[in-house]
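Chemist: Sequence:
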Amino acid sequence: FGSSSSEVGHRAVTLATMQHYPAVICDTGTGMIKAGFAGQQTPSVTFPTLVGRPMLRSSEGLVDGMDKGIVLKDLMIGHEANAARSMLSLQHPIENGMVKNWDDMEAIWDHTFAQLGINPADHAIVQTEAALNPKKNRERIVETMFEKYGFNRVNVSVQAILALKSRGRDSGFVVDSGDGVTHLVPVTSGYLEPSLVSRINLAGRHVTEYLMKLLQKQGYPLNSSADFETVREIKQKCCYVAHDLQAERKLAQETTVVDRQYTMPNSRVMRMRAERFLAPEILFNPGLQGHGEGEGLAEAVFNTIRKSDMHVQKDYFSHIILSGGTTMFPGMSSRMEKDIKQLYFEQVLKGDTSRRSGFKCHVIDPPDRQHMVFMGASLLSEAAEAQGNSPWFITRKEYDEEGVRLVERLIPTQLH
1 FGSSSSEVGH RAVTLATMQH YPAVICDTGT GMIKAGFAGQ QTPSVTFPTL
51 VGRPMLRSSE GLVDGMDKGI VLKDLMIGHE ANAARSMLSL QHPIENGMVK
101 NWDDMEAIWD HTFAQLGINP ADHAIVQTEA ALNPKKNRER IVETMFEKYG
151 FNRVNVSVQA ILALKSRGRD SGFVVDSGDG VTHLVPVTSG YLEPSLVSRI
201 NLAGRHVTEY LMKLLQKQGY PLNSSADFET VREIKQKCCY VAHDLQAERK
251 LAQETTVVDR QYTMPNSRVM RMRAERFLAP EILFNPGLQG HGEGEGLAEA
301 VFNTIRKSDM HVQKDYFSHI ILSGGTTMFP GMSSRMEKDI KQLYFEQVLK
351 GDTSRRSGFK CHVIDPPDRQ HMVFMGASLL SEAAEAQGNS PWFITRKEYD
401 EEGVRLVERL IPTQLH
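FYI, in the working numbering the residues of the sequence shown are 1 to 416.
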């Protein structure tokens, strides 16, 4: 049963041509980029959506960098930029969910696809976008994926819908809070209703900014873009949402229960107290950081659901789903649930305690919620690939014939 070398070679070539290349998933967020392949539960490449360029800010920064063995380059991306941040001017090419600097964005995508080790021509790609993303932004993404990178099929999907799909649901109320922006997205039968989608410019970055201010008040010299990235790490490791703000303040004043120490990159030890819960509190009380007297998250969720059709309100209140890195704070879901129940009691039941038990509010906080958008894209693209010629993807042939106007068909919206 032996085979000649030419037969083996021919078989290898045939297998190579038959090989299936899974779709690439690229969840491009304001703060982080998460990339991998259809069929994966979690991304294989994750790094900050960050670019850095060298600056001679201080001799201290250069010595610090030399000690760590860092070699400066004209453009540094992601973790590399983060590691050398004391010597770099840092920029995020995405602001509030929208691409503002396309050159830097393409540099980040170059890095992403190199990390994945792919030849784009072999793959389809799913890019994600924020709800209410301007059409021009979406068109530019599609154009770039085809023209610059040469992917063979492209999809751009709304992050909130993908998060919901990762839970196996077609309906629910998604609170998608990342680094730059929070979206409140009611979804019914897989469709979002644009008139009810809320975009709140209050998310992880604003919590980091407020924590930086609170720590500056304590006398810590934190001013640069490098310090900002350090404070972001402190936030992720130390902060939590208070269930009851007044009770937590009392605890911080009278005991050492909430005290936590954090060692900074320069080995200085920082002592954290009330800052741990006061920084994320701006998500519920925007007035604390001078964001005006706008709605906090719980109030915005309550008001948005109350504006929707009566027949879907019950389903929305009982299926509020948290998604995105900024929802990872301990205590987030229980605080939101408590505040929404209180608003319903005051504004709908008018304080009638006898009817209180009839109201069901459930805020769902899956442990993997920072990856839910990626997981949803992975599941949907796998299903689309299994179908063969699924309209979920725009093909290169369709793009060549009709251009970017095809993006209209990518975004499911329910029009009334």
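Since the hints were derived computationally from the structure, they do not count as laboratory data. Owing to the predicted nature of the structure, the values given are computational and were not obtained by experimental measurement. A virtual CB, placed ideally from N, CA and C, is assigned to each residue, including glycine. There could be a bad hint or two in this list.
Unchecked claim - DSSO-like, lysine-lysine: derived pairs with alpha carbons at most 27 Å apart: (1) Lys-100 x Lys-73; (2) Lys-350 x Lys-307; (3) Lys-350 x Lys-338.
To be verified - Have a look at the derived ranges for each label pair, beta carbon to beta carbon: (4) Thr-42 x Gly-351: 18 to 26 Å; (5) Lys-360 x Gln-261: 48 to 56 Å; (6) Asp-103 x Gln-313: 39 to 47 Å; (7) Pro-265 x Ser-357: 48 to 56 Å; (8) Gln-236 x Lys-314: 30 to 38 Å; (9) Lys-213 x Lys-314: 48 to 56 Å; (10) Ser-354 x His-243: 24 to 32 Å; (11) Thr-256 x Trp-102: 46 to 54 Å; (12) Met-55 x Asp-400: 50 to 58 Å; (13) Arg-199 x Leu-288: 34 to 42 Å.
Chemist: When the hints from earlier in the document are held up against this structure, which numbers fail?
Modeler: Those not satisfied are hints 4, 5, 9, 12 and 13.
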